[in-house]
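Use these hints to put chain B onto chain A, whose structure you have.
Here the protein sequences come in this chain order: A and B.
The first sequence: position 12 = 12 (our numbering), numbered continuously.
The second sequence: position 88 = 88 (our numbering), numbered continuously.
No lab work stands behind these hints, which were simulated from the structure alone.
As the structure is a prediction and not an experimental result, all values here were calculated from the model.
Each statement offered as a hint is correct.
Quick list of in silico lysine to any residue cross-link-like pairs, SDA-like style, CA-CA up to 25 Å:
hint : chain 1 : residue 1 : chain 2 : residue 2
1    : B       : K143      : A       : F208
2    : B       : K86       : A       : L77
3    : B       : K86       : A       : P78
4    : B       : K86       : B       : W31
5    : B       : K57       : B       : D178
6    : B       : K86       : A       : G84
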Amino acid sequence: MTEAIASSWTTGTVREVERFGETYVRLRLEVADRHDHVPGQHYVVRLRAPDGYTAQRSYSLASDPADPLIELMVECLPRGEVSGFLHDVVEVGDELELRGPIGRWFVWGGEVPSLCVAGGSGVVPFISMLRYARRMGTASHLTIVASAQTRERLPYIEELEEFGAFIALTRENHRDRVAAHIYPDELAELSKGIERAYVCGSAGFVSFVGRSLGEAGVPSDIVRVEQFGATG
Amino acid sequence: MANFTRGFTGGARRGGDDRLPPGQYDTGATWPVLTAELTPTIDLDTWTMTVDGLVEKPTTWDWRGIHALPSSSYFGDIHCVTTWTKFDTTFAGVSVDALLEIAKPKPEATHVMATATTGYNTNLPLEDITDGKAWIVWEFDGKPLAPEHGGPVRLLVPHLYFWKSAKWITRIELMDHDEQGFWERNGYHDRGDPWLEQRYQGDA
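This is chain A alone, in the form it adopts within the complex (with noise of 0.2 Å):
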């Protein structure tokens, strides 16, 4: 595993955005001075206005290590300060001031079996583990579970349906599957044979699955979490 340490500010440069709607904003970016991230790993994207005055936040990264660029996939929340502005403002060339790769808790090397648990925009440190797995053939290793109200509401749903992620909406009817949360009883079945659990989403959503999980019989510490506030 690579022993990337985020000690410095870089740059950024933005190659591709894509908006969804008023809900999501996908950037992809070139970095300076790029460190080898871990599928799970956050960057830090830092504002800086004239006069000097900042914003930051972490977002998770989608991306492969493998490639090239580093891609984002940003929620706008209401009012988000720099949500917001991915959303709104940022333009292919803009140059954006970074950090990462951050974070040696919620990574995934490849090799564990694990099982992911995913609320709405929670998918993203996941789609990273994903586009990694596949290219080292060890995709077997790794059960997706993706939640979200709706298709709309849930990043990379074709790509997590192409991988064979189960997706459980709960607001429509996702093909077979009707309109509910995540049962217990659908987590033990996709819990076997794991040696690690991660869950990403709100904190109600992690507080949840996680007493699913225990009703599921997964033992609590395996799982490792990590929850995201409206921080915006």
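What follows is chain B alone, placed relative to chain A:
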């Protein structure tokens, strides 16, 4: 690159409040929950708090015993490394000084490791948890501290980033050297002073 971000002037959150450390914003009435582990269920009948390591008298308190110590509270701000700051919080519990007064640190003790029931731990210089700078708390705004915020009992070290304020605390071990805890091993700063923006390993 240019010395500012094209098109960015700062959003609704910029306040210019001199109580905000650099790079932080005011989270207002909300209190985001950020943990690395699942929230544990803790039974108050079996919960204990231990101070041991380099002390004259290693001591363990149960729930009733720790409540028998003189109560102490904190009123002020808290700062999370994820860039939110929460103003004017009130926590109540007991000063860490009260525990150390009983356990009596040995002269060679310089650092501590604070450990949670979940196994989470974090390291601190001893001087960062003495002289009225740290608390063991069980109340927030006059109500029992909620489990997702570290209840029933958490460490509170409000002058450092909040990952140092270990949730679900159960032990403080005094040591004669520094040793990295959970987030410190995973890329975060060893001390974490928000006013110096000591967020990650490599920050001054």
